[in-house]
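So the sequence lines, in the order shown, correspond to chains Z and B. Here our numbering is used: the first residue of the first sequence is 1, the next is one more, and so on. Here our numbering is used: the first residue of the second sequence is 1, the next is one more, and so on.
These aren't lab readings, by the way, just hints derived from the structure by calculation. The reader is advised that the hints may include incorrect statements.
[As the list claims (entries may be wrong)] Cut-off 30 angstroms, straight-line C-alpha distance, at most; resulting in silico cross-link-like pairs (DSS-like, lysine-lysine): (1) B:K21 to B:K117; (2) B:K117 to Z:K117; (3) B:K101 to Z:K117; (4) Z:K101 to B:K117; (5) Z:K101 to B:K101; (6) B:K117 to Z:K21; (7) B:K117 to B:K101; (8) Z:K101 to Z:K117; (9) B:K21 to Z:K117; (10) Z:K21 to Z:K101.
[To be verified] The following residues of chain B were derived to be distant from chain Z, with all beta-carbon distances above 10 angstroms: (11) R65; (12) D77; (13) A84; (14) E97; (15) K101.
Beta carbons: idealized from backbone N, C-alpha and C, even for Gly.
2 protein chains.
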Amino acid sequence: MELPSNRNCSIARSLSVLGQKWNLLIMREAHRGRTRYADFRRIGIPSDILATRLDALVEDGLLQRQPYQEPGQRVRDEYVLTEAGRDLLPVLAALTEWGDKHRPTGRGPTAIYVDEKSGDEVRLDFVPAGMPPAADAVRMAWGPGYDGPEPTS
Amino acid sequence: MELPSNRNCSIARSLSVLGQKWNLLIMREAHRGRTRYADFRRIGIPSDILATRLDALVEDGLLQRQPYQEPGQRVRDEYVLTEAGRDLLPVLAALTEWGDKHRPTGRGPTAIYVDEKSGDEVRLDFVPAGMPPAADAVRMAWGPGYDGPEPTS
């Protein structure tokens with residue numbers, strides 16, 4: 001009996017991590033530039049669950065801890081996207097597009113994607129394989145269909 | 001305390017389904033045109049686990065059961081991609097590309113994507129949002145880095 005290769009297991013495990021309740025929202029917040037525990041708490045996630053979720057995302061190599069210190073405060077950790085975490089953006093975009101079609105809110109797309117250099121809106125699609133990459137850097141912004149808690153900034 | 005919206009829960013749940021060990025391989029086989037229990041068994045998945053996984057994929061609306069009958073045999077079910085299952089192709093493509101970069105086999109891409117009309121290879125990228133869809137239909141083929149069990153056809 002064959003077992004799935006380690007690599008397929010790795011992808012499946014990362015999927016499993018992404019699929020844990022809240023983790024998708026956490027990774028979306030991370031892609032919106034949030035790094036601090038208090039920022040992630042604002043999405044409504046219970047404190048103990050957030051701690052566990054962040055540990056799992058760090059362990060799976062999607063976020064990394066970096067210490068910081070506000071004046072007069074103790075040293076804390078913030079959670080920064082790793083390269084692997086940043087490279088999940090097309091995965092998040094594809095999932096969002098799938099969700100907008102098959103689990104729609106009725107208020108339009110949840111997230112939009114913007115070319116950082118031009119400011120123009122972009123979307124995911126299949127293109128000829130020989131074409132050079134279209135966008136140097138793409139960032140995610142919340143769209144009209146965003147149905148999570150109100151971001152504070 | 002706010003809870004994630006039902007919709008985000010739905011996406012997270014589908015992710016969770018995709019992230020169960022074997023489910024990603026099953027969905028890839030489905031995207032390669034496999035529909036029958038025996039086809040899915042050839043990827044090496046234990047029989048009882050396959051039954052459970054197929055149930056979950058049907059329940060989550062990614063596959064649907066359709067009866068068929070070979071001459072002289074009893075009626076069986078085959079498992080056909082739903083529209084939601086077919087629409088997962090960009091998700092699978094994005095995950096495969098992420099895996100090829102961050103969990104490489106060293107033998108090149110696991111899967112390649114082909115425009116069904118032209119036969120040309122395509123890949124996923126961000127494109128200007130106003131552009132018309134690039135490919136009418138894209139299908140998945142195994143690439144040189146494919147590291148699952150040998151397909152029988």
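Verification of the supplied hints:
1. The straight-line distance between the Cα atoms of K21 (chain B) and K117 (chain B) is roughly 33 angstroms, outside the 30 angstroms bound, and the hint therefore fails.
2. As the CA atoms of K117 (chain B) and K117 (chain Z) are separated by approximately 33 angstroms, the hinted pair breaks the 30 angstroms bound.
3. Proximity of K101 (chain B) to K117 (chain Z) is assessed by CA-CA distance (about 24 angstroms); at most 30 angstroms being required, the pair is judged to hold.
4. Between K101 (chain Z) and K117 (chain B) the CA atoms are separated by roughly 24 angstroms; this keeps the pair inside 30 angstroms, and the hint holds.
5. Note on K101 (chain Z) and K101 (chain B): the hinted pairing holds, with a Cα-Cα distance of about 28 angstroms set against a maximum of 30 angstroms.
6. Proximity of K117 (chain B) to K21 (chain Z) is assessed by CA-CA distance (about 39 angstroms); at most 30 angstroms being required, the pair is judged violated.
7. Distance restraint check for K117 (chain B) and K101 (chain B): the Cα-Cα separation of roughly 28 angstroms lies within the 30 angstroms cut-off, and the hinted pair is therefore satisfied.
8. This hinted pair checks out: K101 (chain Z) and K117 (chain Z) have alpha carbons roughly 28 angstroms apart, not beyond 30 angstroms.
9. For the suggested pair K21 (chain B) and K117 (chain Z), the alpha carbons sit about 39 angstroms apart, so the restraint of at most 30 angstroms is broken.
10. Restraint check for K21 (chain Z) and K101 (chain Z): the C-alpha separation of about 20 angstroms stays at or below 30 angstroms, so the hint holds.
11. A cut-off of 10 angstroms between C-beta atoms confirms that R65 (chain B) is not in contact with chain Z; the least separation is 19 angstroms.
12. Every Cβ of chain Z is farther than 10 angstroms from the Cβ of D77 (chain B); the closest lies at roughly 23 angstroms, confirming the non-interface assignment.
13. Annotated as non-interface, A84 (chain B) brings its C-beta within 10 angstroms of a C-beta of chain Z; the closest such distance is 5 angstroms.
14. At the 10 angstroms boundary, the C-beta of E97 (chain B) falls inside the reach of chain Z, the nearest C-beta of that chain being 7 angstroms off.
15. Its beta-carbon lying about 6 angstroms from the closest one in chain Z, K101 (chain B) breaks the requirement of being farther than 10 angstroms from that chain.
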